[in-house]
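**Q** Sequence:
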Amino acid sequence: MKAAIDKCTLLEKAQKALNEKAERSDEIAQGFSKDATKWPSAKESHSDTNRSQLQHMSLAAKKMALDIQLNSVGAIDNMVKNLHVPHEIIGFGSLVSLQYEDDEEIMIAFIVPGKNSTEIELDEQIIFVLPEQAALAKAILGKKCGDKAVIKTGLRELTVNILAVE
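With the numbering used here applied, the sequence shown covers 161 to 326.
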């Protein structure tokens, strides 16, 4: 890694990015609700199914927004509790430098619990906030610096080298 990265700042940026995703999801849900009342067929009695489907889509989008928010709050809470714990083995809160065997570029990943990923820029570096459920995160959790991990993606297998763990 270029320079030591302040995990507190990283957590704040990750929280902000995930909150922005939640806000976009909420805007989509509000759009579904507005569209449902504008469509002429929504006012007709035979359109109960259509209204029901639109309500379901609206609720699903709202649930997605809530899931993102709850996930990010829970992730941040867990990260803060473990911020100053040294990480030799990759786990939640680990900042990991990785390099795919077929690529010269080094990527930095920040492992968080949950389902939602994002990327943020900090100190002129792109950091991938990876949830535990991401294929790459699953492959590297529990490993340490110097290890290799194999990620199966459809018909291909990718090998990644773990260069550093903070």
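Hints in this document: simulated from the structure, not taken from any laboratory.
All of these numbers come straight from a predicted model, not from anything done at the bench.
In this text, a Cβ means the ideal position worked out from N, Cα and C, and glycines have one as well.
One should not assume that every hint holds.
Quick list of the computed label-pair ranges, beta carbon to beta carbon [as the list claims (entries may be wrong)]: (1) 262 x 220: 16 to 26 Å; (2) 179 x 308: 28 to 38 Å; (3) 305 x 279: 21 to 31 Å; (4) 302 x 187: 17 to 27 Å; (5) 217 x 317: 16 to 26 Å; (6) 324 x 262: 33 to 43 Å; (7) 293 x 316: 18 to 28 Å.
**Q** Compare the structure with each hint and give your call.
**A** Comparing the hints with the structure gives:
1. Against the hinted window of 16 to 26 Å, the Cβ-Cβ separation of residue 262 and residue 220 comes to about 38 Å, which falls outside the hint.
2. Our hint of 28 to 38 Å for residue 179 and residue 308 holds, since their Cβ atoms are close to 35 Å apart.
3. Range check, residue 305 to residue 279: Cβ separation about 22 Å, and the 21 to 31 Å hint holds.
4. A beta carbon spacing of about 38 Å between residue 302 and residue 187 contradicts the range 17 to 27 Å that was offered as a hint.
5. At about 37 Å, the beta-carbon gap between residue 217 and residue 317 misses the expected band of 16 to 26 Å.
6. Checking the proposed 33 to 43 Å range against residue 324 and residue 262 shows it is violated: the Cβ atoms sit about 20 Å from each other.
7. Separation of residue 293 from residue 316 is about 20 Å and conforms to the stated range, judged on CB atoms against 18 to 28 Å.
Going down the numbered hints, you'll see the structure goes against 1, 4, 5, 6, while the others check out.
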